[in-house]
Amino acid sequence: MEALLFERDTVLAAFWMTVRLTAVSALGSLVLGTLLTAMRVAPLASLRGAAGVYVSVARNTPLTLVLLFTGLGVGANLGVELSDDIATNNFWLAVIGLTAYTSAFVCEALRSGLNTVPVGQAEAARSLGLGFVKTLRLITLPQAFRAVVAPLGSILIALTKNTTIALVVGVSEASVRMREMIETYGDQVIEIFLGFAAGFVLLCLPMGLVFGWLSRRMAVAR
Amino acid sequence: MKSRYALFAVLVLATACGGGQETYASIVDKAKNDKKLVIGVKADQPGLGLRTPDGAFAGFDIEVARYVAKELGVEPANITFKETVSANREAFLEQGQVDMVVATYSITDARKQKVSFAGPYFVAGQDLLVRADESALTGPEALNGKKLCSVAGSTPAQKVKSEYAKEVQLQEERTYSACVDRVLGGQLDALTTDNVILAGYAAQHAGKLKVVGKPFSTEKYGIGLRKDDTAGRKAVNDALQKMFSDGSWTKALQASVGASGFALPQAPQLERY
Amino acid sequence: MSYANLYEAPGPRGVRRNRVLAAAVALVLLALAYVVYVRFDEKEQWAAEKWTPLLRGDVWATFILPGLAGTLGAAVAGVVLAGLFGLVFATARMSDHRWIRVPAAMVVEFFRSVPLLLLIFFAFFGAYVLTGFHVSAFAAVVFGLTLYNGSVIAEIVRAGVRSLPKGQREAAYAMGMRKNQVMRLVLLPQALRAMLPALVSQFIVLLKDSALGLIVGYDELVDRGLNGIAANFSNVIPAAILIAAIFILINLALDRLAHRLGAARGQ
Chain R
1 MEALLFERDT
11 VLAAFWMTVR
21 LTAVSALGSL
31 VLGTLLTAMR
41 VAPLASLRGA
51 AGVYVSVARN
61 TPLTLVLLFT
71 GLGVGANLGV
81 ELSDDIATNN
91 FWLAVIGLTA
101 YTSAFVCEAL
111 RSGLNTVPVG
121 QAEAARSLGL
131 GFVKTLRLIT
141 LPQAFRAVVA
151 PLGSILIALT
161 KNTTIALVVG
171 VSEASVRMRE
181 MIETYGDQVI
191 EIFLGFAAGF
201 VLLCLPMGLV
211 FGWLSRRMAV
221 AR
Chain C
1 MKSRYALFAV
11 LVLATACGGG
21 QETYASIVDK
31 AKNDKKLVIG
41 VKADQPGLGL
51 RTPDGAFAGF
61 DIEVARYVAK
71 ELGVEPANIT
81 FKETVSANRE
91 AFLEQGQVDM
101 VVATYSITDA
111 RKQKVSFAGP
121 YFVAGQDLLV
131 RADESALTGP
141 EALNGKKLCS
151 VAGSTPAQKV
161 KSEYAKEVQL
171 QEERTYSACV
181 DRVLGGQLDA
191 LTTDNVILAG
201 YAAQHAGKLK
211 VVGKPFSTEK
221 YGIGLRKDDT
231 AGRKAVNDAL
241 QKMFSDGSWT
251 KALQASVGAS
261 GFALPQAPQL
271 ERY
Chain E
1 MSYANLYEAP
11 GPRGVRRNRV
21 LAAAVALVLL
31 ALAYVVYVRF
41 DEKEQWAAEK
51 WTPLLRGDVW
61 ATFILPGLAG
71 TLGAAVAGVV
81 LAGLFGLVFA
91 TARMSDHRWI
101 RVPAAMVVEF
111 FRSVPLLLLI
121 FFAFFGAYVL
131 TGFHVSAFAA
141 VVFGLTLYNG
151 SVIAEIVRAG
161 VRSLPKGQRE
171 AAYAMGMRKN
181 QVMRLVLLPQ
191 ALRAMLPALV
201 SQFIVLLKDS
211 ALGLIVGYDE
221 LVDRGLNGIA
231 ANFSNVIPAA
241 ILIAAIFILI
251 NLALDRLAHR
261 LGAARGQ
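Residue numbers (my numbering), protein chains in the order written: chain R, 1 to 222; chain C, 1 to 273; chain E, 1 to 267.
Misleading hints may appear alongside valid ones.
List time: in silico DSBU-like cross-link candidates among lysine-lysine, alpha-carbon distance up to 35 Å [claimed, not checked]:
(1) C:K147 - E:K43
(2) C:K146 - E:K50
(3) E:K43 - C:K166
(4) C:K112 - C:K32
(5) C:K35 - C:K242
(6) C:K208 - E:K166
(7) E:K166 - C:K251
(8) C:K220 - C:K166
(9) C:K32 - C:K251
(10) C:K70 - C:K159
(11) E:K43 - C:K161
(12) E:K50 - C:K214
(13) E:K43 - C:K208
(14) C:K114 - C:K208
(15) E:K50 - C:K147
(16) E:K50 - C:K82
(17) C:K208 - C:K159
(18) E:K179 - E:K166
(19) C:K214 - C:K82
(20) E:K43 - C:K214
(21) C:K159 - E:K43
(22) E:K43 - C:K146
If you're looking for bench data, these hints aren't it; they were derived computationally from the structure.
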């Protein structure tokens with residue numbers, strides 16, 4: 001226990017980083033995921049194709065590699081610099097990588113949500129004279145969102161845990177600190193592990209509960 | 001809580017690999033009787049221990065391992081090289097998965113509690129790797145405002161920040177190759193770790209990278225053996241002594257990292273204990 | 001699945017507008033690809049000496065194939081053990097006995113919340129402290145994959161059982177089956193079939209996650225393949241592209257297989 005208490009500032013800072021990474025990437029993934037969903041059902045074949053290819057590439061590549069591509073590919077080779085400060089730059093690169101990966105899963109969830117919206121809804125919207133964008137924005141997507149609250153919750157939990165892989169782009173979040181602490185305090189491995197694990201349980205369990213409650217509340221009665 | 005511990009234990013045990021093999025008291029006996037050795041080495045460090053496309057290993061550590069093995073009576077063909085990473089070197093020795101470790105393995109008091117060391121066979125020092133056309137970066141003090149790369153979880157970079165250049169920006173990468181890539185690409189200014197490791201990369205990118213050549217620490221690389229193998233330690237030290245004095249040591253070092261322009265040091269003094 | 005109901009079939013003007021838009025989209029994508037190409041070219045990422053090693057037979061034999069074997073080995077062991085873990089804990093969580101149900105739920109929720117990376121670290125470093133044995137990197141990876149994915153699979157199976165019509169269970173009891181027979185012969189087989197797509201996606205996750213083994217030096221595609229190749233030829237990006245392509249191909253094949261299985265079972 002002493003190790004965790006002694007290093008509590010480092011541990012808390014690490015979890016704060018986890019929370020920030022999760023929050024910003026979640027927002028980014030929601031936006032990009034929605035956009036990708038709209039592209040996948042769009043009237044333009046080229047948009048559908050591009051989004052389809054993107055989703056299957058991002059979904060099927062290990063996150064380690066996605067983050068490596070953002071760190072080395074986008075960062076070092078494309079020369080994208082988001083900040084002059086390395087730590088800030090790495091943070092945003094990690095956000096880009098996590099967003100690129102997670103948005104593919106958001107897109108898949110939303111698309112299956114669209115499938116639950118009865119055909120009549122879109123047809124009624126069109127008969128009112130709404131175009132594609134308006135039909136999607138006002139009628140079908142809101143219903144799709146309400147149908148997939150629970151899966152989106154699972155994606156958010158997965159994202160929280162996936163932030164541990166941001167160590168690939170040099171972001172010092174919880175997993176990096178845990179590893180360092182295990183190496184320094186070799187005799188307290190179990191306490192350290194349980195401490196960090198408890199941190200993630202504290203973050204993830206409430207999310208599961210909240211999303212479970214939300215999904216029941218928001219379910220579309222049909 | 002107890003039951004969860006027990007559950008862990010059972011699951012760990014269930015997935016653990018059991019490895020039963022004949023054990024010898026000393027590496028000397030094993031070499032003499034079996035004529036075979038398993039040696040733990042690094043597999044991803046050019047110039048020191050690198051797995052090459054033909055499946056063999058190459059580098060200075062490998063040459064040292066081969067020489068020592070030969071002195072113990074084991075032909076190169078009968079050596080099995082096994083990749084070790086920093087995290088599992090002690091474990092491999094304790095479990096007998098390897099007979100000795102030659103893998104940029106620094107001799108420290110903490111490690112002496114778990115394994116015994118022959119050597120040192122090389123005294124390295126922390127240094128900087130920079131682009132060949134870089135003239136301003138002459139040492140760790142010049143790093144203020146610069147971007148320095150190191151491998152995740154390593155203390156050397158922290159040391160630069162706390163002792164030499166408070167304004168340095170640190171980038172942690174998972175592998176040295178990634179650091180080298182970013183220094184070559186101009187995105188970062190320098191990479192820090194032991195000079196001989198850096199020399200390996202400088203040799204791989206001859207003309208594009210150079211080692212600054214102002215080491216600011218001392219790391220003694222030893223050959224790790226099982227704890228309490230006193231006979232083995234003596235035999236390996238004797239082999240190293242011979243390697244130093246017959247010129248093979250310098251030749252091996254020259255062949256491995258010479259292309260980097262790295263100033264080759266004298267063979268170190270053995271520390272027999 | 002077609003989403004054509006979201007928009008009207010375009011008339012002549014719509015067709016023309018769509019063509020222009022399609023061309024614009026294609027142009028933007030091409031421009032993006034061109035920028036990436038040029039920037040990478042400036043950094044010499046397309047240089048032949050970085051790509052030709054990837055075509056060499058000895059590179060495949062020494063780095064990629066052993067890495068692939070490691071990845072698939074960990075994945076297969078992980079799928080089998082996680083499947084077992086999932087079945088056992090799903091059943092336990094649906095038990096009538098509180099003293100089985102509650103601890104099972106705790107275990108499942110715990111391992112669903114802890115990042116796999118932490119589990120693998122812990123298995124690798126903590127096992128010795130707990131048991132006095134050092135575990136191999138393989139064991140640590142499989143341990144993590146099993147507990148994490150097993151917990152997720154337990155939840156998938158449980159959801160599958162709950163989605164079955166009540167009549168199935170009632171009919172089975174009416175025929176005089178015991179609790180264990182109802183679960184084993186009636187509910188689980190149907191639940192597994194219904195949840196096949198979700199199970200396969202989880203197996204894909206598991207396969208990708210095996211790449212985290214690199215953290216403890218397990219010889220899989222990323223550690224042995226990518227890092228091994230990059231250490232020799234300093235071509236991290238080209239090697240990473242190749243390794244990613246291998247993962248994508250395997251996963252797409254798995255996906256295809258799942259669809260085919262689903263279709264064969266008349267779903």
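Those earlier numbered hints the structure runs against, lowest number first:
6, 7, 10 and 14
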